[in-house]
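Residues per chain are reported as follows:
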Amino acid sequence: RKEVEQDPGPFNVPEGATVAFNCTYSNSASQSFFWYRQDCRKEPKLLMSVYSSGNEDGRFTAQLNRASQYISLLIRDSKLSDSATYLCVVIFYGGSQGNLIFGKGTKLSVKP
Amino acid sequence: DAGVTQSPTHLIKTRGQQVTLRCSPKSGHDTVSWYQQALGQGPQFIFQYYEEEERQRGNFPDRFSGHQFPNYSSELNVNALLLGDSALYLCASSSVPDWGVTEAFFGQGTRLTVV
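Chains as they are written, first to last, in the numbering used here: chain V, 44 to 155; chain R, 2 to 116.
Source of the hints: derived by calculation from the structure; they are not laboratory data.
Even glycine gets a Cβ: it sits at the ideal position worked out from N, Cα and C.
Be aware that a few hints might be false.
To be verified - Partial list, derived from the structure: chain R residues whose beta carbon lies under 10 Å from chain V:
| id | residue |
| --- | --- |
| 1 | 5 |
| 2 | 45 |
| 3 | 109 |
| 4 | 110 |
| 5 | 112 |
Claimed, not checked - Think about it this way: if two alpha-carbon atoms lie no more than 25 Å apart in a straight line, the pair counts; the simulated PhoX-like pairs of lysine-lysine are:
| id | chain 1 | residue 1 | chain 2 | residue 2 |
| --- | --- | --- | --- | --- |
| 6 | V | 88 | V | 147 |
| 7 | V | 88 | R | 27 |
| 8 | V | 147 | V | 85 |
| 9 | V | 85 | R | 14 |
| 10 | V | 88 | V | 122 |
| 11 | V | 85 | V | 122 |
| 12 | V | 122 | V | 147 |
| 13 | R | 14 | V | 154 |
| 14 | V | 154 | V | 85 |
To be verified - Quick list of simulated restraints, FRET-style, between CB atoms:
| id | chain 1 | residue 1 | chain 2 | residue 2 | range |
| --- | --- | --- | --- | --- | --- |
| 15 | R | 70 | V | 46 | 19 to 25 Å |
| 16 | V | 111 | R | 39 | 40 to 46 Å |
| 17 | V | 95 | R | 63 | 38 to 44 Å |
From just these sequences and the hints, can you work out the full model?
As structure tokens, then:
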């Protein structure tokens, strides 16, 4: 089983739609969670961290369920510029350091 | 403030050759991590350098080696290249306190093609 698994894509949605991405992780010792965005042929960039209480940043809402080892990202009122691959990332700390463990990514395409 | 810079941006090598990729971290960052991203996959952790030492290593063979210099810049070396080494190689820099990892900033990557 992969350490971080994401919904298979691609997601093709019209502008203005609400879309949700899901992610599960296998290591219960995982302690930090993020969503990264990667545009075609570009580097990943941090979209938002995911906190236990859930957090929102404009049209984006992230949720974490530690009991189910599940993370989600909700995008409301989708824009054409939201088209990208969204990467679920977890960090678990072995010893005192951690490194980023990426999911495969889910591709989103927002159409006019 | 320059972000993470990588060189070269593109590279074509022949099977069996050796390659060196370079990374300069973001100003103020002392930790460099390297990732391999194959087409259609998420980035896979190769190794991390801090204080000029390899701190952690992912599941990559010894053909993959690295180095960090006193100015925190880093190199990734791959020996005996295989076709399967073709990928985007990403460098990420961060400031890593002992208790965890703060936000990692990625360079634009080096796209390596092995023919």
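- Task: Identify every previously stated hint that the structure contradicts and give their numbers, smallest first.
- Result: 13, 15, 16
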